[in-house]
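Peer 1: So you can see what is in the structure, the chains are spelled out below.
Number of protein chains: 2
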Amino acid sequence: MTLIKLPSGSDLKGHKLVLYAPRPTPPEAVAHLKAKFPGLEIAVYHKQFFDTDPYQDISREEWKNVTILVTGSMIPDPEAVPKLQYVQLFSAGANHVVNKPLFQETDVALCTANGVHGPQIAEWVISTFLAHQHQIPRYLEQQREEKWSRADEEETEDAVGRTVGILGYGSIGRQVARVAKALGMNIHAFTNHPRNTPESRRDESYTPEGLGDPEGIFPSKWFSGDLHTFLSSGLDLLVISVPLTPKTHHLLGRAEFQALAGRRTFVSNIARGPIVKTDDLIEALDAGTIRGAALDVTDPEPLPTGHPLWKAKNVIITPHASGASTAYYERVLKILELNLGRLSRGEELTNKVDRKEGY
Amino acid sequence: MTLIKLPSGSDLKGHKLVLYAPRPTPPEAVAHLKAKFPGLEIAVYHKQFFDTDPYQDISREEWKNVTILVTGSMIPDPEAVPKLQYVQLFSAGANHVVNKPLFQETDVALCTANGVHGPQIAEWVISTFLAHQHQIPRYLEQQREEKWSRADEEETEDAVGRTVGILGYGSIGRQVARVAKALGMNIHAFTNHPRNTPESRRDESYTPEGLGDPEGIFPSKWFSGDLHTFLSSGLDLLVISVPLTPKTHHLLGRAEFQALAGRRTFVSNIARGPIVKTDDLIEALDAGTIRGAALDVTDPEPLPTGHPLWKAKNVIITPHASGASTAYYERVLKILELNLGRLSRGEELTNKVDRKEGY
Chain A
1 MTLIKLPSGS DLKGHKLVLY APRPTPPEAV AHLKAKFPGL EIAVYHKQFF DTDPYQDISR
61 EEWKNVTILV TGSMIPDPEA VPKLQYVQLF SAGANHVVNK PLFQETDVAL CTANGVHGPQ
121 IAEWVISTFL AHQHQIPRYL EQQREEKWSR ADEEETEDAV GRTVGILGYG SIGRQVARVA
181 KALGMNIHAF TNHPRNTPES RRDESYTPEG LGDPEGIFPS KWFSGDLHTF LSSGLDLLVI
241 SVPLTPKTHH LLGRAEFQAL AGRRTFVSNI ARGPIVKTDD LIEALDAGTI RGAALDVTDP
301 EPLPTGHPLW KAKNVIITPH ASGASTAYYE RVLKILELNL GRLSRGEELT NKVDRKEGY
Chain H
1 MTLIKLPSGS DLKGHKLVLY APRPTPPEAV AHLKAKFPGL EIAVYHKQFF DTDPYQDISR
61 EEWKNVTILV TGSMIPDPEA VPKLQYVQLF SAGANHVVNK PLFQETDVAL CTANGVHGPQ
121 IAEWVISTFL AHQHQIPRYL EQQREEKWSR ADEEETEDAV GRTVGILGYG SIGRQVARVA
181 KALGMNIHAF TNHPRNTPES RRDESYTPEG LGDPEGIFPS KWFSGDLHTF LSSGLDLLVI
241 SVPLTPKTHH LLGRAEFQAL AGRRTFVSNI ARGPIVKTDD LIEALDAGTI RGAALDVTDP
301 EPLPTGHPLW KAKNVIITPH ASGASTAYYE RVLKILELNL GRLSRGEELT NKVDRKEGY
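Heads up: the sequence lines are chains A and H, in that order. Everything in the first sequence is counted per the numbering used here, starting at 1 for the first residue and increasing by one. Everything in the second sequence is counted per the numbering used here, starting at 1 for the first residue and increasing by one.
Misleading hints may appear alongside valid ones.
Unchecked claim - These stretches of chain A come out as covered by chain H in the derived footprint (C-beta under 8 Å, 3 or more residues): (1) 49-55; (2) 128-141; (3) 144-150; (4) 155-161; (5) 179-185; (6) 205-214; (7) 301-310.
As the list claims (entries may be wrong) - Simulated restraints, written as ranges between beta carbons of each label pair: (8) H:55 x A:311: 53 to 59 Å; (9) H:338 x A:210: 28 to 34 Å; (10) H:96 x A:279: 28 to 34 Å.
Unchecked claim - Derived DSS-like pairs: lysine-lysine, alpha-carbon spacing no greater than 25 Å straight-line: (11) A:313 x A:147; (12) H:311 x H:352; (13) A:311 x H:147; (14) H:313 x A:147; (15) A:147 x H:100; (16) A:147 x H:221; (17) A:313 x H:47; (18) H:147 x A:277; (19) H:313 x H:83; (20) A:100 x A:311; (21) H:247 x H:100.
These aren't lab readings, by the way, just hints derived from the structure by calculation. Even glycine gets a Cβ: it sits at the ideal position worked out from N, Cα and C.
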């Protein structure tokens, strides 16, 4: 099936945008888009992720004219939206919608919200790592007991000259790298495909202005292929920021923690729990093979009361909370605006899912 | 009294350095200095801050040839050290020694360790601020209770586009600025003297390589004079990093916290407790005038058990621990090496105390 394409035009005349948004859309954001693209018709709905009935608020007649759709998980059937050109998702992943007929049977551009999590998750990584190094959890415990106590010889190993290894150098890892660089750290990056040229180190996906590492200039070393070479490269902090796939499932277990034993690497997981073998992680923590861990994701998740991970040595656990930001929707709207501009100029869209890659 | 000056020479021939150091000196550091300055004679002692008897280990005869001294607080009398040219302190402040006869009656260069605290204290500031924003103390509490709990609507206000106000733009404040900039924050700087020119914004004191803001390029706004204009400039985070002087004693009280009420500024104090009026701080915290505080210093200090500050709302307290770093002595030795080079070339020393300023 081939879609009827509308001609691109600088004011997007003839285009109709439906915001089927899981969050309330600020009226000033709509006004801003209208001012920027005067020809664009905009309809705004506040819908939950579970609202998947396309005809609840929008008639079949209306759908026929929709060219652009912002959505959580509601994806109309291809027959209903003959003019649709571009779907903007709210999530960084597309696995929940990529198998829908619209994307299997047409070439409608599907764009993720990749990049909107970078700042807040990088903050979580930096904050929990430094908190461990500066013994903040212990001091908070002492504060609860109203106890002022520090031994004179207690010193912090500060971050200057230390090395962070970033497993998966995407939008989150790149923002971690920017902050780590400012702290005086070295950056080692591990990527799925080798990145031997400056060109290959670039990241074309959305990055909030002035942040991240879109050019890929921060890492002093790039790794690919053999994971153990990377893990043994003298890491003080390991950041797990790869998607969960069959290839990354249980990627880190006993042998990998042993590879981290040299520097007793601190392990930070903000990706998905099952990338790490939980029992092996607990063993590595309790044996002191690694100096500690910060986990925003666990396996199982939610972590049940009584699970031994809660009380493993030197672990900081938060309930999958690192990605939530008050700026989330604002950043999704930035991606939308960026792509509306590109659409109006007939350019390739940013954050477009490469369906050959499967996500 | 005028001192007998030895001529400068590239290998420091004729110079004698005494390391009267509160920490053990790594032999490789001594070897490094000897290789760099082959003419320099070096004697190493491991002494505590309270070891103030200059003749305990070193004879009167030996002292007569000493030209360079690294010390915690032992300062010999001027008559005993007729060739002394340069004293390198272990501390960032010089108030504990500046009134000694050696510095009152001679022009021996007195240099501080200013700059060695920048990285670790900046890390403490960033870590505790982000921990507050990301609710880490609350999650650690939940972890203790083995409770996985997050309401869907709970979101973090991340740092992008927020503003940090730095009260006292010295080595600590400048490194806070570097990291805050990488987080996407705006920087407002308040300085004692106005800094209206690029030249005046520079900091000539020691900075670990690649860190801090030696050129003064990070602040988007510079303030001086009226404190309230600065406090009312839309700050999300206020970092107190001024020395305690009669002018800064009780600088922040009820009126100043009111000036912070607009954005409910988070207050971070890594300077000295008495800069803040403790009762007014507790009031501002409990009333929610400010969103929280991180305190590495308090008044009184140590904070006694039972003091209401321990249980004030949204406060993080650590026991004056932010400055300790395993890299401390290494950085003092970097300043020493830098200054030995300058001495050998007859240049002005770095971190030299301006005795007219009194500190």
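Peer 1: With reference to the structure, classify each hint as holding or not holding.
Peer 2: Do the hints match the structure? See the list:
1. 49-55: violated (count 0)
2. 128-141: holds (count 10)
3. 144-150: holds (count 5)
4. 155-161: holds (count 7)
5. 179-185: Per the Cβ count (5), the hint holds.
6. 205-214: holds (count 3)
7. 301-310: Check passed, 8 qualifying residues.
8. H:55 x A:311: 53 to 59 Å: At 56 Å between Cβs, range holds.
9. H:338 x A:210: 28 to 34 Å: 33 Å, holds
10. H:96 x A:279: 28 to 34 Å: With Cβ atoms ~54 Å apart, the hint is violated.
11. A:313 x A:147: 22 Å, holds
12. H:311 x H:352: Between residue 311 of chain H and residue 352 of chain H the Cα gap is close to 42 Å, so the pair fails against 25 Å, i.e. violated.
13. A:311 x H:147: Holds. Residue 311 of chain A to residue 147 of chain H sits at ~12 Å (cutoff 25 Å).
14. H:313 x A:147: Given pair residue 313 of chain H, residue 147 of chain A holds - Cα atoms ~17 Å apart, limit 25 Å.
15. A:147 x H:100: It is violated: about 37 Å lies between the C-alpha atoms, which goes past 25 Å.
16. A:147 x H:221: Violated, at roughly 39 Å.
17. A:313 x H:47: Not satisfied, since the Cα-Cα distance of roughly 36 Å exceeds 25 Å.
18. H:147 x A:277: Satisfied, since the Cα-Cα distance of roughly 21 Å is no more than 25 Å.
19. H:313 x H:83: Measuring from Cα to Cα gives roughly 57 Å; hence the hint is violated.
20. A:100 x A:311: 42 Å, violated
21. H:247 x H:100: 24 Å, holds
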